[in-house]
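Novice: The two chains are supplied separately, each in an independent frame; assemble them into the complex guided by the hints.
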Amino acid sequence: MFTLADAEPGETVEVEEIICCGEYDMRIMEMGILPGTEIHICSRGPMGDPIKIKLLNYTAAVRLKDAAKIIVKRLL
Amino acid sequence: MIEIALAGNPNSGKSTLFNAITGDSLEVGNWAGVTVEKRAGTARANSGITIVDLPGIYAMSAHSEEEKITENYLTSEAPPDLIINVVDAVNMERNLFLTTQLFELGIPIVIALNRTDMVSEKNMPDISALRRLLRTPIVPVSALKGSGIDKLLDEAAAEAEKKRAPVPLCRFPEAIEKAAAEIQGILRCGRHAALKLIERGLYHSFGGDEREKTDVDDVIYRCVRLRGGSVSKAMISARYGYIRNIMSRVAVSGRDLSKDTLSDRIDRIALGRYTAVPLFAAVIGLIYFISVILIGNPVSEWLSGEVLVKISAVTENLLLSLGVKAFFIRLICSGIISGVGGVLCFLPQLSVLLFFMGLLEDCGYMSRIAFSADRLMRYLGLSGKSVISLLLGSGCSVPGILSGRTIENSSERNITIVTTPFIPCSAKLTVIIFLAGIAATDFKGITMLLVYIVCIASVAVTAFIFSRFVLKNDYDSCFIMELPDYKLPSVKNTLKYTLHKIRGFIFKAFTVIFIACIIIWLLSNYNTSLKPAELDDSVLAEVGKIISPVFEPLGWGNWMMVSAMLCGLIAKENIIGTLGILSSGAGGIDIILGEIGFAGTVSYLIFNLLCIPCAASVAAMRKELGGKKFTVAVVYQSLYAYAAAYAVYHALIIAESGGISSAAPFMLIIMLALSGVLILGRALRPEHNTKSL
Chain A
67 MFTLADAEPG
77 ETVEVEEIIC
87 CGEYDMRIME
97 MGILPGTEIH
107 ICSRGPMGDP
117 IKIKLLNYTA
127 AVRLKDAAKI
137 IVKRLL
Chain B
3 MIEIALAGNP
13 NSGKSTLFNA
23 ITGDSLEVGN
33 WAGVTVEKRA
43 GTARANSGIT
53 IVDLPGIYAM
63 SAHSEEEKIT
73 ENYLTSEAPP
83 DLIINVVDAV
93 NMERNLFLTT
103 QLFELGIPIV
113 IALNRTDMVS
123 EKNMPDISAL
133 RRLLRTPIVP
143 VSALKGSGID
153 KLLDEAAAEA
163 EKKRAPVPLC
173 RFPEAIEKAA
183 AEIQGILRCG
193 RHAALKLIER
203 GLYHSFGGDE
213 REKTDVDDVI
223 YRCVRLRGGS
233 VSKAMISARY
243 GYIRNIMSRV
253 AVSGRDLSKD
263 TLSDRIDRIA
273 LGRYTAVPLF
283 AAVIGLIYFI
293 SVILIGNPVS
303 EWLSGEVLVK
313 ISAVTENLLL
323 SLGVKAFFIR
333 LICSGIISGV
343 GGVLCFLPQL
353 SVLLFFMGLL
363 EDCGYMSRIA
373 FSADRLMRYL
383 GLSGKSVISL
393 LLGSGCSVPG
403 ILSGRTIENS
413 SERNITIVTT
423 PFIPCSAKLT
433 VIIFLAGIAA
443 TDFKGITMLL
453 VYIVCIASVA
463 VTAFIFSRFV
473 LKNDYDSCFI
483 MELPDYKLPS
493 VKNTLKYTLH
503 KIRGFIFKAF
513 TVIFIACIII
523 WLLSNYNTSL
533 KPAELDDSVL
543 AEVGKIISPV
553 FEPLGWGNWM
563 MVSAMLCGLI
573 AKENIIGTLG
583 ILSSGAGGID
593 IILGEIGFAG
603 TVSYLIFNLL
613 CIPCAASVAA
623 MRKELGGKKF
633 TVAVVYQSLY
643 AYAAAYAVYH
653 ALIIAESGGI
663 SSAAPFMLII
673 MLALSGVLIL
683 GRALRPEHNT
693 KSL
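The listed protein sequences derive, respectively, from chains A and B.
Each residue of the first sequence is one higher than the one before, starting from 67 at the first, in our numbering.
Each residue of the second sequence is one higher than the one before, starting from 3 at the first, in our numbering.
Read the hints as simulated data drawn from the structure, not as lab findings.
Bear in mind that the values here come from a model prediction, so they are computed numbers and not experimental data.
Backbone N, C-alpha and C fix where the C-beta goes; we use that ideal spot for every residue, glycine too.
Facing chain B, a subset of chain A residues (Cβ under 8 Å, in silico):
hint : residue
1    : R93
2    : M97
3    : G98
One chain only, chain B, in its complex shape (with noise of 0.2 Å):
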């Protein structure tokens, strides 16, 4: 068994390169930082050899979390047999930088030059120069076109059985050189590991045997005073002179930076000064509109209302010919049917909504959008980057949450992973149309407007709360992000994946939401000792009522309501699921809404939005934030989603009651109380320390 990785720059085409060697489909898009976790696969061509997937790095030395996991991978007690290299044929200078690098670990490495097919001819390399000069096997791929990828298994293959490590050719000051044989000499480790310790400084040094520390603190100490100044800067220079000297030898040098190309015109419009909003604001409506408004909503009414009743009445008639037990019919048409069935109604309008979201991902307009984003989401105390957390996070909460890992400034990172959830993922989308559409059926739209400007806005005061009173930001750092040139979307590609993320949202319909289905079924149709029973004294019933006195000031007091959000905590869609079932046996879900009211339903919405979001996303918070933060975290968004509720519903209820007069003293109120949050946030406005300046 070979273990192959594949390590390079952020967009370099690693995943296509890995969808391409193993046929898989995992996630690939036009952007830094799309990978953000180590992935394992087996190559199509050759069942021998495992093919792991990393994140992006520039350098080996990492920034972000991300960034971390593939150079701890890296230089690991187990690392790889052999590292592909994949090199972006169009950049090949920077991605260089990396090579360089790669080559001082002692693993055998094959470069794969990807998209060669980019290149123009005159501006070709010569690679069998490169070759020779690298001293190292070199195969030109397309990843997307997949082409030359039996040539680079084969190789891959070769090369991995010589177990031949690649010679560091390139060479440094010689003080560095001079304390890098010591260090290896004292510690017996690797070209790799020593050179790091130089580059770090004193006072960076391992745990471990005292001597060792003080010989090898002693070596660097020496160094630094020889060189007076910065070694790491030597040590990039003179990476980049090795660099810039082999491009003089391979390739056409002579590039017009001032060159407008079709992206620059493209970014004109969409990075200007006046369209950059509005453009934004009009593709996500634009999305929004077509997949939910224009396709979605019709289709979903039409399964919820005809087809669904229609197989539920012709199971029931299949049961009772077949003589089945009255028991499981009702449990399989009013439990089973309507709560996974009201589900998967939604999926066509996820799709659609899948699909275009994979469209804008592939296209390299998400950078474009965290980058004009960038100035407003620090003032909030996020980064450019936790855009595009958010515009993953309303596909699901999960790839939200993990992409916060590119984001290499901590606070700005976990406040990203803490307001995530409060974008309504397409489980949430489904909760709220289906609310929505009982409660408000003359202002579906606006009503599904409020709330999301409700949940945008919790982003916005949550994040300005947390950066200024409990995440401070407590070191400094850099912030350069690439920006992809825009390509055509691979409508063959875009849909394999939403292919993929649609079978995952129907395994879990029939997995968690089925068992799920069942068991609230049971709860609501006995009583405590376990005998048939009404649904007013069933289980449910009891528990849903020694809670549901707290959530009467939110002015859905009803133990239906607040057994669903409870069953909500596992999967947003068990709301559905939960109502569905209750209400076939209470009259209908027309009517346990029609109690609550409309405001009502709405700061049920919003609460349902707020709160802890499902289990999968818990856990991924979890493992995201650690123990102590997490906790804070899932309690606060939990008491937020409480307030929210409440000041929604009140207001809601003055409007209702005596139009928008009577409710100004109470909106005054809440004026109040944010610019006050407001103003305090100004005095501890977070900027980044530029002292040093």
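Next comes chain A alone, as it looks inside the complex (with noise of 0.2 Å):
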């Protein structure tokens, strides 16, 4: 299983699916993280955790253990 946080940052993906366990993670999709949607991965922080993204036209900071909720495949 591929997700967000296997990425590697300067890659981007494609979203395929979504692992939600509880409320709290719809915001995942609320932000607009859902399947197709494509996310660039920027740079990880000065610690490894969180990483920096880019999706539709904005750029955010995810946690690695948020990150892991999210599947992903490589766009080439």
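Specialist: Quick look at the structure:
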């Protein structure tokens, strides 16, 4: 299973599925991360976590534990 | 009277628009979560319109405290007459998600398409097509430049007059639509309320009529079974599907996510592995260096050393020549002027400090600090966003405490609220400079640094202890934080905002501190039988002497110091005022501080910085934490301050008397105690539950 947490900085991926376990995880989808969304991984934080990503038309920080809930596939 | 609410995503420019409409100067900044309160004002152009600024939300499903304020207001029994939905033109797709939900509330809406000046010609959405598709008035505005405001207000007033709510255009899969219609029938509620119930699923039902409850639960259950999967996921997907459809018709698509923007290039240094921490230290260090050491110190010294003495002398002569009674002359010169004036002397450095802090908030660096620090902060039991609270707290604890609302996780939020007062605010900073300047003329800088290190370490230790033993993490939360693009800070806005805060400081000096100074002067010049008395027999001395033995172990059992500390509980600046008044009757502040020595002064400082904060912060803490947790926090802060001051005092005494070597056993005990806490804490590490993965 390849998730957003496994993707390397510089890669662009497409979201395939979100594993949501609670009401709180809905925030991920409300922010526009849902199947079909393209996400570019910009960089990792100074301590490796969180990661900086770009999607739609904005930049966001996501913790690795939340990124691990987002299954993605690499785009060429 | 028309009430209009501003609703939209965080950092979409609601507060800037509010300021442009009302001419007010609410705080604005370039990060998500600047506004944490609902605030109202009157439109400049039309006094019949009340504008309500709300905290930003991404969706009508609140995850944090400040988002709840917005959601509760919009769905309350007394909703606004109209919503101005602020949509960021740069980021329309995500902004329109909230729009689809606002359309279901049944409240008239006008869309303000903000930041249209930031969108290039070829990426400009087709506004007339958008208007046609959404069937709602859309006005392009630039809140920053103030363009389009009049047209927006006219449209809003006309639309509110018509009382016509927009048609909810986003449709959901058949089963959900059917369930929504049934629930609306049973409860006679609006579409938004019905959809909300379906989204939350069973068991979340409201209290009320038992039969209605069973009926609604029934409908939801059938809907969930029919859909065979997460209904809320399907609903979010349907909304975004609808938005993508609209976007394909109005906007030029084709963005390049991997394109390196200017913000990305700055981020490479600001968020770099080896550069992020040094840069942060340099920025904060530079701000304090410029405002406190370079500009503040010389000016304050000149003010308190020369100007204040002169003013006092001139006033005394003037009053003498006017034949005013000696009592009033003494009250004014040694009471009010030395008290209030002593506090006002710190105004210049405060202004400079607040100005730089304002620039920092405006440029977009705040959320980067939160981003870089998140990992470390989480280890301590805080969130990256806590750093923003702590930084705001270095100006004033109250906004720092309130900004904790943006933190989704309740345990992280509560610990942030408890620890924010430990960061010396600008009022406490004046006390530090005042006392450190007198007690340690030659090594003032190092003394101040030592005090700051103790305060920051206190935040870390407290967060660590609280997250493991007191406020344990009870549930999971999700952390996605927007990193807005950098922008050049507006000097004009920052100046306006600095003046706004300075006004508050001056107001406080002439009200709370003014009155406190008069009372303190009276208490220190009269005895318990209301007769004029020497300082040593005054009421204040009596009270101070009863309590002072408690603080003997901390090295400052002097009753004057104790009285000043007590007065500082109202506002910390009072410490300077009180010491000023008391010392003028006891031969000067140098003599009082000389008695307790350097170690005693530092211990006194530490205690005052860490113990219960000023009355305003205590009120904010109480409001945010609620009864029981608040009591725990205040008791903890007092005990912790006592322990920290005790440890620092004895460490300094030992270091003074026999050099570093003799302090070793003492240090060893502290180290052992700390590592004990660390080891125990590691075992109880509050990792968020990830078992479901």
